[in-house]
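Chemist: Single-letter residue listing:
Protein chains: 2
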Amino acid sequence: MITLLEQALQGNIVPRPPVWIMRQAGRFLPKYRELQERYPFFTRIRTPELASQISRMPVDVLGVDAAIIFSDILVVPDALGCPVTMEAGAGPRLPHPIRTMHDVEQLVRLPAAESLGYVSDAIRLTRSELSDSVPVIGFAGAPWTILCYMVEGKGSKDWELAKRFLLEQPQAASRLLDLITDQTIDYLRMQHQAGASAVQVFDSWAAALSPSMYQTWMMPLWTRIVSSLADIPLIVYARGAHVGIDNIASLGSVAVGLDWSIEAAQARMLVPSHTLQGNLDPVMLFADHDTIRKTTIQLIHDLGVQRTIINLGHGILPTTPVDAARVFIDTVKNYT
Amino acid sequence: MITLLEQALQGNIVPRPPVWIMRQAGRFLPKYRELQERYPFFTRIRTPELASQISRMPVDVLGVDAAIIFSDILVVPDALGCPVTMEAGAGPRLPHPIRTMHDVEQLVRLPAAESLGYVSDAIRLTRSELSDSVPVIGFAGAPWTILCYMVEGKGSKDWELAKRFLLEQPQAASRLLDLITDQTIDYLRMQHQAGASAVQVFDSWAAALSPSMYQTWMMPLWTRIVSSLADIPLIVYARGAHVGIDNIASLGSVAVGLDWSIEAAQARMLVPSHTLQGNLDPVMLFADHDTIRKTTIQLIHDLGVQRTIINLGHGILPTTPVDAARVFIDTVKNYT
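Chains as they are written, first to last, in the numbering used here: chain A, 50 to 385; chain B, 50 to 385.
Hints in this document: simulated from the structure, not taken from any laboratory. Accuracy of the hints is not assured; some may be wrong.
What the hints assert, rightly or not - Listed next, the in silico BS3-like pairs over lysine-lysine satisfying Cα-Cα at most 27 Å (straight line):
no. : chain 1 : residue 1 : chain 2 : residue 2
1   : A       : Lys382    : A       : Lys343
2   : B       : Lys382    : A       : Lys206
3   : A       : Lys382    : A       : Lys80
4   : B       : Lys343    : B       : Lys382
5   : A       : Lys203    : B       : Lys203
6   : B       : Lys80     : B       : Lys382
7   : A       : Lys206    : B       : Lys203
8   : B       : Lys206    : A       : Lys203
Said to hold, decoys possible - Output of the computed footprint for chain B on chain A, the stretches with three or more beta carbons under 8 Å from beta carbons of chain B:
no. : stretch
9   : 92 to 99
10  : 280 to 286
11  : 323 to 334
What the hints assert, rightly or not - Label-pair restraints from in silico Cβ distances:
no. : chain 1 : residue 1 : chain 2 : residue 2 : range
12  : B       : Ala162    : A       : Glu83     : 49 to 59 Å
13  : A       : Val63     : B       : Gln315    : 32 to 42 Å
14  : A       : Arg142    : B       : Thr272    : 41 to 51 Å
15  : B       : Ser223    : A       : Gly130    : 50 to 60 Å
16  : A       : Asp121    : B       : Ala162    : 50 to 60 Å
17  : B       : Val354    : A       : Glu217    : 55 to 65 Å
18  : B       : Glu163    : A       : Asp207    : 30 to 40 Å
19  : B       : Gly293    : A       : Glu217    : 29 to 39 Å
20  : A       : Asp121    : B       : Pro144    : 43 to 53 Å
21  : B       : Gln315    : A       : Ser182    : 43 to 53 Å
22  : B       : Tyr167    : A       : Asp207    : 28 to 38 Å
23  : B       : Pro64     : A       : Asp337    : 32 to 42 Å
24  : B       : Gly138    : A       : Glu217    : 16 to 26 Å
25  : B       : His338    : A       : Gly130    : 54 to 64 Å
Don't be surprised by glycine CBs; every beta carbon is placed ideally from N, CA and C.
Please model the complete structure; the sequences and the hints are all you need to start from.
Modeler: Dropping the structure here:
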């Protein structure tokens, strides 16, 4: 049986759009916070039973139309030999950041099945536990976003060091981006083979680059990713990318993930024939329930029922009331 | 004698565009860092001799076409009775943030001449010391950006509390925004009367709001600011505002400050008949000098010589080499 999400991604006629929430398998769920206290972050990710349990939580609690595998984009630097630690409240740390060509040369790319096999295991287990009731989405970070963390060694407001790495050491940057891109393609294919019905690529820090730098450095890598994975349903989410969603859509047969910075109606006008996913501002889930309902219905009207996946325009905020998220999901599921 | 900056703001024919740099009176200058070690932040701002000395530094060191008064947007919350402290490396702190209608009601608006007179003094002194060789620019934060700090009490990645304040307590938010707007208009007029040839309003955190929230909440305030100050040359810099620069330009006879997220040629196409200011990505000053020269000349071509003020698209980075900033300035000054 083909699921609603897959129908929307293929462009089939559907009675209503499917709905899920970015970061739905996360901190806003009380049950997740219990596990958070018991197991370190990367233990939760690397233990298929835990990752699967967390991935299924929002299906049970909210009734979303898709599970996204519980993981983190930073498993890729780690797999390449650039270790990552995660301390509560402090965000990620990469104690050996990449700053020179020599640093890049020390990295080693192994087949994803070898270095990231635990993600396959978690996807397989999740699919089996869900009995195919809802599909599983896999994901990875885009090469630029991964480079950001690898160069800076931690989060940053403006990613100055990462941008300077492109300008000051273009050869090393290019080699690093190629390495990440190869690893990402291999990793996404592995997730698909393990049972992910679709994969989403998150360029969380796309907005740090000017349109011309993004065009020069990143669009060729996107082209490579999209053409290498032409047989896999792919959602491209380049948050705040200044090249614009029409340029993202021109990459090919991909679904375009929208952030909340664009009006949904305008997005649909700019990208009429691709599947669009998004884009309620996460903070709207703090409005009263009536406002949430009205805004969600307006969103469906603006994107249209067909070729649409309803979602937030960014990850759900950890402080979001579960009830509000349920109102959002139910409004889409009851839409006629 | 009318200065090049004023000519460009009035739309007069000029031989080349004027140039200055956002945050030019700041941390990237070695002489500023000396003063930074000797006097606390708000002492530097509140002592007209120091503020004037710092404001004039980039005129001496770089030869910019305008001085911007050394100050901070957070003098406004402070003047309203919401104190601000600034600790090196930690950013601003507002120990009594505004979270309720009761908090808003405790604020008191005094005439700017009374609560912010030290800025007048600094502007007068700076003009006198500069002997009118270059003009002085005054500035303030936009109401949304000021509200952000007053509600959060410090910097934030996504300004969640400030956004929730609009959604959860719209009456209190509206009252606070009105109060800030009134104070800001009074404050900008005072700066003009003290000798500022133009004033710039910085909406540094405009990008935190969706297009529809910005349209609903902020555009009416912008309209009020622009119409109240119709006789004063005004530069509107709404960084990353998702309503778009064409909407900003439609506010009236204002110059539009561009951030680096838009291609200059596209900006000029969208806003053909207003003065535009911007928009080199600050990180470009880390490229080699030849690249800086070429990129700057391309920027002049893209924006056009007339109705253009060359600037960066965001504040200069503290780590920028002074030589690189000088190459940028000289390229514009030598443009024929």
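Chemist: A separate judgement is required for each hint: does it hold in the structure or not?
Modeler: Here's how the hints hold up against the structure:
1. A:Lys382 / A:Lys343: Answer holds: Lys382 (chain A) to Lys343 (chain A) is near 14 Å, not above 27 Å.
2. B:Lys382 / A:Lys206: Since the Cα atoms of Lys382 (chain B) and Lys206 (chain A) sit roughly 32 Å apart, the hinted pair is violated (cutoff 27 Å).
3. A:Lys382 / A:Lys80: 23 Å, holds
4. B:Lys343 / B:Lys382: 14 Å, holds
5. A:Lys203 / B:Lys203: 21 Å, holds
6. B:Lys80 / B:Lys382: Holds, at roughly 23 Å.
7. A:Lys206 / B:Lys203: Since the Cα atoms of Lys206 (chain A) and Lys203 (chain B) sit roughly 14 Å apart, the hinted pair holds (cutoff 27 Å).
8. B:Lys206 / A:Lys203: The given pair, whose Cα atoms are some 14 Å apart, holds under the 27 Å limit.
9. 92 to 99: violated (count 0)
10. 280 to 286: As far as the stretch 280 to 286 of chain A goes, the hint is violated, because 0 residues have Cβ atoms under 8 Å from chain B.
11. 323 to 334: holds (count 3)
12. B:Ala162 / A:Glu83: 49 to 59 Å: 58 Å, holds
13. A:Val63 / B:Gln315: 32 to 42 Å: Holds: the Cβ-Cβ distance is about 36 Å, inside 32 to 42 Å.
14. A:Arg142 / B:Thr272: 41 to 51 Å: 46 Å, holds
15. B:Ser223 / A:Gly130: 50 to 60 Å: 54 Å, holds
16. A:Asp121 / B:Ala162: 50 to 60 Å: 54 Å, holds
17. B:Val354 / A:Glu217: 55 to 65 Å: 31 Å, violated
18. B:Glu163 / A:Asp207: 30 to 40 Å: Given about 37 Å between the Cβ atoms, the range holds.
19. B:Gly293 / A:Glu217: 29 to 39 Å: Between Gly293 (chain B) and Glu217 (chain A), where Cβ atoms are some 33 Å apart, the hint holds.
20. A:Asp121 / B:Pro144: 43 to 53 Å: 35 Å, violated
21. B:Gln315 / A:Ser182: 43 to 53 Å: Hint holds: Cβ distance 46 Å, inside 43 to 53 Å.
22. B:Tyr167 / A:Asp207: 28 to 38 Å: 31 Å, holds
23. B:Pro64 / A:Asp337: 32 to 42 Å: At 58 Å between Cβs, range violated.
24. B:Gly138 / A:Glu217: 16 to 26 Å: 25 Å, holds
25. B:His338 / A:Gly130: 54 to 64 Å: 36 Å, violated
Hints 2, 9, 10, 17, 20, 23 and 25, counting from the list given before, are not met by this structure.
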